[in-house]
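Residue numbers (this note's numbering), protein chains in the order written: chain C, 1 to 194; chain G, 1 to 401; chain L, 1 to 459.
Be careful, since some hints might not be right.
DSSO-like, lysine-lysine: derived pairs with alpha carbons at most 27 Å apart [as the list claims (entries may be wrong)]: (1) Lys165(G) x Lys364(L); (2) Lys149(C) x Lys364(L); (3) Lys35(L) x Lys196(L); (4) Lys149(C) x Lys35(L); (5) Lys35(L) x Lys303(L); (6) Lys180(G) x Lys296(L); (7) Lys256(G) x Lys165(G); (8) Lys364(L) x Lys180(G); (9) Lys303(L) x Lys180(G); (10) Lys394(G) x Lys303(L); (11) Lys256(G) x Lys303(L).
Treat the hints as calculated values from the structure; they're not laboratory data.
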Amino acid sequence: MKEPMVRTGTAAAPQTAEKVSIYGVVAEFESPEALLEGVRAARALGYDKMDAYTPFPVHGIDEAMGIRRSRLGWIVLGGGIIGAVAAVLLQWWTGAVASPLVVGGKPLFAFEFGLPIIFELAVLLAAFAAVLGMLALNGLPRFYHPVFKYSRFDRAADDRFLLALEANGAGFDAEQAAEILKSAGGRHVEVVTE
Amino acid sequence: MSSAERTVQVLDNYEMDARLWRRGRNALALLALGGWAVLAAGYSSGSAAFYPAYLLAFVYWLTIALGALFFVMLQHLSGAAWSVTSRRVAETIALVIPLSAVLFLPIVFGLPQLYEWARPEVVAADPVLQAKQSYLNPRGFTLRAAACFLIWGLWAVILYRNSVKQDDGGTLELTRAAAKWSAPGMILLALTVSLASFDWLMSLDPHWFSTVFGIYIWSGSGLAGFAAITLVLLAFRRMGMLRASVNHEHYHDLGKWLFALTVFWAYIAFSQYMLIWYGNIPEETAWYHERTAGTWRSVAALLVFGRFFVPFAVLMPRAAKRNLAVLAGAAAWILLMQYVELFWVIMPVFRTEAGLMWIDVAAVAAVGATFALAFWWLLRRHALAPVGDLRFTKALEFTNV
Amino acid sequence: MADLAITRELDAPLVVGEPSYSDVTESVSRIVENKMPRAWYIAFGVTATLTGVLLAMLAYLVTTGIGVWGNNQPVGWAFEITDFVFWIGIGHAGTLISAILLLLRQRWRTSINRFAEAMTLFAVACAAIFPAVHVGRPWRAYWLFPVPNEYLGIWQNFRSPLMWDVFAVSTYATVSALFWYTGLIPDLATLRNRAKTKARRIIFGILSLGWRGSARHWRHYEMAYLLLAGLSTPLVLSVHTIVSFDFAVSLIPGWHSTIFPPYFVAGAIFSGFAMVVTLMVIARQVFHLEHLVTMKHLENMNKVMLGTGLIVGFAYLTEFFIAWYSGNPYERFTFINRALGPYWWAFWIMVSCNVLVPQLFWFKRIRTSIPAMFVISILVNVGMWFERFVIIVVSLSRDFLPSSWGHFRPTYVDILTLTGSFGLFLTLFLLFVRFLPMISMSEVKSTLPRPAAARGGER
Numbered sequence: 001m002k003e004p005m006v007r008t009g010t011a012a013a014p015q016t017a018e019k020v021s022i023y024g025v026v027a028e029f030e031s032p033e034a035l036l037e038g039v040r041a042a043r044a045l046g047y048d049k050m051d052a053y054t055p056f057p058v059h060g061i062d063e064a065m066g067i068r069r070s071r072l073g074w075i076v077l078g079g080g081i082i083g084a085v086a087a088v089l090l091q092w093w094t095g096a097v098a099s100p101l102v103v104g105g106k107p108l109f110a111f112e113f114g115l116p117i118i119f120e121l122a123v124l125l126a127a128f129a130a131v132l133g134m135l136a137l138n139g140l141p142r143f144y145h146p147v148f149k150y151s152r153f154d155r156a157a158d159d160r161f162l163l164a165l166e167a168n169g170a171g172f173d174a175e176q177a178a179e180i181l182k183s184a185g186g187r188h189v190e191v192v193t194e
Numbered sequence: 001m002s003s004a005e006r007t008v009q010v011l012d013n014y015e016m017d018a019r020l021w022r023r024g025r026n027a028l029a030l031l032a033l034g035g036w037a038v039l040a041a042g043y044s045s046g047s048a049a050f051y052p053a054y055l056l057a058f059v060y061w062l063t064i065a066l067g068a069l070f071f072v073m074l075q076h077l078s079g080a081a082w083s084v085t086s087r088r089v090a091e092t093i094a095l096v097i098p099l100s101a102v103l104f105l106p107i108v109f110g111l112p113q114l115y116e117w118a119r120p121e122v123v124a125a126d127p128v129l130q131a132k133q134s135y136l137n138p139r140g141f142t143l144r145a146a147a148c149f150l151i152w153g154l155w156a157v158i159l160y161r162n163s164v165k166q167d168d169g170g171t172l173e174l175t176r177a178a179a180k181w182s183a184p185g186m187i188l189l190a191l192t193v194s195l196a197s198f199d200w201l202m203s204l205d206p207h208w209f210s211t212v213f214g215i216y217i218w219s220g221s222g223l224a225g226f227a228a229i230t231l232v233l234l235a236f237r238r239m240g241m242l243r244a245s246v247n248h249e250h251y252h253d254l255g256k257w258l259f260a261l262t263v264f265w266a267y268i269a270f271s272q273y274m275l276i277w278y279g280n281i282p283e284e285t286a287w288y289h290e291r292t293a294g295t296w297r298s299v300a301a302l303l304v305f306g307r308f309f310v311p312f313a314v315l316m317p318r319a320a321k322r323n324l325a326v327l328a329g330a331a332a333w334i335l336l337m338q339y340v341e342l343f344w345v346i347m348p349v350f351r352t353e354a355g356l357m358w359i360d361v362a363a364v365a366a367v368g369a370t371f372a373l374a375f376w377w378l379l380r381r382h383a384l385a386p387v388g389d390l391r392f393t394k395a396l397e398f399t400n401v
Numbered sequence: 001m002a003d004l005a006i007t008r009e010l011d012a013p014l015v016v017g018e019p020s021y022s023d024v025t026e027s028v029s030r031i032v033e034n035k036m037p038r039a040w041y042i043a044f045g046v047t048a049t050l051t052g053v054l055l056a057m058l059a060y061l062v063t064t065g066i067g068v069w070g071n072n073q074p075v076g077w078a079f080e081i082t083d084f085v086f087w088i089g090i091g092h093a094g095t096l097i098s099a100i101l102l103l104l105r106q107r108w109r110t111s112i113n114r115f116a117e118a119m120t121l122f123a124v125a126c127a128a129i130f131p132a133v134h135v136g137r138p139w140r141a142y143w144l145f146p147v148p149n150e151y152l153g154i155w156q157n158f159r160s161p162l163m164w165d166v167f168a169v170s171t172y173a174t175v176s177a178l179f180w181y182t183g184l185i186p187d188l189a190t191l192r193n194r195a196k197t198k199a200r201r202i203i204f205g206i207l208s209l210g211w212r213g214s215a216r217h218w219r220h221y222e223m224a225y226l227l228l229a230g231l232s233t234p235l236v237l238s239v240h241t242i243v244s245f246d247f248a249v250s251l252i253p254g255w256h257s258t259i260f261p262p263y264f265v266a267g268a269i270f271s272g273f274a275m276v277v278t279l280m281v282i283a284r285q286v287f288h289l290e291h292l293v294t295m296k297h298l299e300n301m302n303k304v305m306l307g308t309g310l311i312v313g314f315a316y317l318t319e320f321f322i323a324w325y326s327g328n329p330y331e332r333f334t335f336i337n338r339a340l341g342p343y344w345w346a347f348w349i350m351v352s353c354n355v356l357v358p359q360l361f362w363f364k365r366i367r368t369s370i371p372a373m374f375v376i377s378i379l380v381n382v383g384m385w386f387e388r389f390v391i392i393v394v395s396l397s398r399d400f401l402p403s404s405w406g407h408f409r410p411t412y413v414d415i416l417t418l419t420g421s422f423g424l425f426l427t428l429f430l431l432f433v434r435f436l437p438m439i440s441m442s443e444v445k446s447t448l449p450r451p452a453a454a455r456g457g458e459r
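With the rest of the complex left out, here is chain C (with noise of 0.2 Å):
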């Protein structure tokens, strides 16, 4: 979305001219604790664009980072809403409209004998949603991304806590904000280029 930049080194107001676009400053935090101190440090000096990477979820930091709940929920309930009605199509068509056979003496079509299909489809499609609309509100796949520059990125998925302040936020200003996360306790804090 940016235009491509240089980076000047200098944190100026970003209005001006300034060609550099960095993604943001990313600093190392070495528990989930310190990384929810970081977040409300970060929170109560005005920043309130920011992202954090961590090896496994960490309770407590949606309310600290100010994210709403996830709305999947409607998505997969819209799935099994469709696989449901399709397997009672598919069943009442096939059964009583294309090819009406009277087998062992059961009705063309009855909620009895359609109800496991009906379940199974139900499940099937609700499971896709859930899966496939993870994906799609996280913007999976996505194999680029500015956090994997972050000399220490690895360690995200393997023992340490990360947390980005990013540029895009109102009032950013890098220099303020690498202060901020050094103050809060994070370390190896770095400005991250788009």
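Fit chains G and L to the supplied structure of chain C, relying on the hints for placement.
Only chains G and L this time, still in chain C's reference frame:
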């Protein structure tokens, strides 16, 4: 470890207000008296509706108490923390069971009015009933019922006493003892509830049989028990009790259980119905035939929608389970549906048309108020929550994902 | 603090030795990054050979016909359906551990769920072979699905429980795979980050879909995982339920029983847990994972086996009682025939392995003894295989008319196909432990006691 060392964070007053208690007692006593008076009038008028109405009312309230006993054992067995603050209510509901054995006596006296197999002239003309006579006979029935009440009562008392012992300071031994008792208790509960369902309900149609019937009744009983616990806790909340100890997180979990057990009930009920529908053998379909004839068909439809679809849809969203008004409505609805279901299981044997009679209402009020009175009385003897339980603090800290 | 000591005693930590986050990464990742131990190659040689036997038997069957099996009239379903139900059942523990225990917040599942989920997939794969070849012309097996085929005028008969089976098993396989893969994504990212070679970096990079562990992503991810668990829970119950419908909708005495759905589900979980224990006991020893898969995990699984074994016993009892109570002479005969008829030995193997032997788990010493649980878990699976054999073959061999009774005797093809299916299952399993992290690192890390886990310092 002495109890002085423990630092239980007391958030609520775990003792019921004496005035509130007296008011509750008076109201329940009044209701019980009224119910019994009407019931006695019905009995002395020689109404044929008396025994079926009484059986239904008794089984209805008993299944709720058994559901509470199931709740208690389940929590001990799984070492759950979330439910600790709600457990005393469940334990106290279950503790009504030993007292309820007395209320079973009218059923023993009314066996010939209730069960075909207890009428010698019917048995004499029916070779199938003769073949079953070594099992389906009044003596066997009474002995088996006594065994059931003995087991339920024993376990309800043991688990309750073990729990209140912790109020003055929980120990590891007591926590482990609860789990140790619950393991055989759960096995016995499964066997006895199954047995009681066969004896008391399935044998109303003595020709009919279904292997899953015990589990079917049990699933409804568990659901009703969980609903009753939820409703009682919510009522307490309204009266100003346990407001901090049982909070939205705990209600959310109770809501999840109501949802899960609703699905489980539907699963068992559907499996039984579908297999009989599909097999289409007259001796099996007769049971459903009787229960879908005439106005009973509407009751069956009400169960499908009311017992499954309504709570399923209402309890599905997370927000609903955390909204206490919705949850209270759902729990009350489930308890109503438990009555409708048992009505539909029992009454078609005696009545060709569905319809509530005044004696049904009186019986439910009489037995229910007596159960509730016992509950109310037992409740006052100990703290409203197992404050000394080792997992108590953990329960208070509990939050949902 | 006395309180803390008691809490630890009550809810013991799930891992031993207080490993740090990086210890977890290290002990799990190194298995797939280093060379496999010699034992792995030996095992792989054996299982690959057995898989060869399976393929040979299937080739012989497909080129010759179903007659190479011992199936006859009236025993039209025999080993192949027994094996099918057996393998489907094995899979159930995987979903149970990953989904139901997640919903029940049983955190001890984290060390074993990946392993058990993989088992589910491979077991379902093994199971699917049997009905597919039993159709007689397996090259037309796609007729099982409602897709356009050569006979457009006729559609599948959805009134048949066998069609429900097709949908249940294929949905189960697909959803289990989705669930498994979703769970793998963060761990694949860990392997990508650790990759030393370019090829590994690219492969794991693609497989991990660019996962970066963002807090915003975890939120949707956790929700997706929870919802998948919520969907898998009724799904796993439905699968064995529908398998039980295959039998229970018919009128054969011994098959037509309303308790079949919950009874089959309990039996499936029972045998699945037994299989997890059998394999886990070996894997944790060979790959040195004793600190992550602890005695507590094994003990809990043994408790689940005890519980589900009791449910199965309860179902046996109920069936016998109702057979008598029904007053129906055919029902009564079927159950007498099970216990005392020509297949009495199969029945008694079933009862002793499924009901009597697991009672030993009431004793803590046996529950926590590795050799004891290894033997018992194998016996349970023997018992569960025979349970299906008793239900299927014994009921079919003698139903209503004595004039049409028969006797089933397996051929060597029957026996070698069953043996070979174990080869396929284990081969897939060995490949899994070779190439993918067998323990969910991200989940285990989230259950580690803090703050000890965060140590590890600079590297």
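Task: Hints the structure fails to honour - done: 2, 4, 5 and 7
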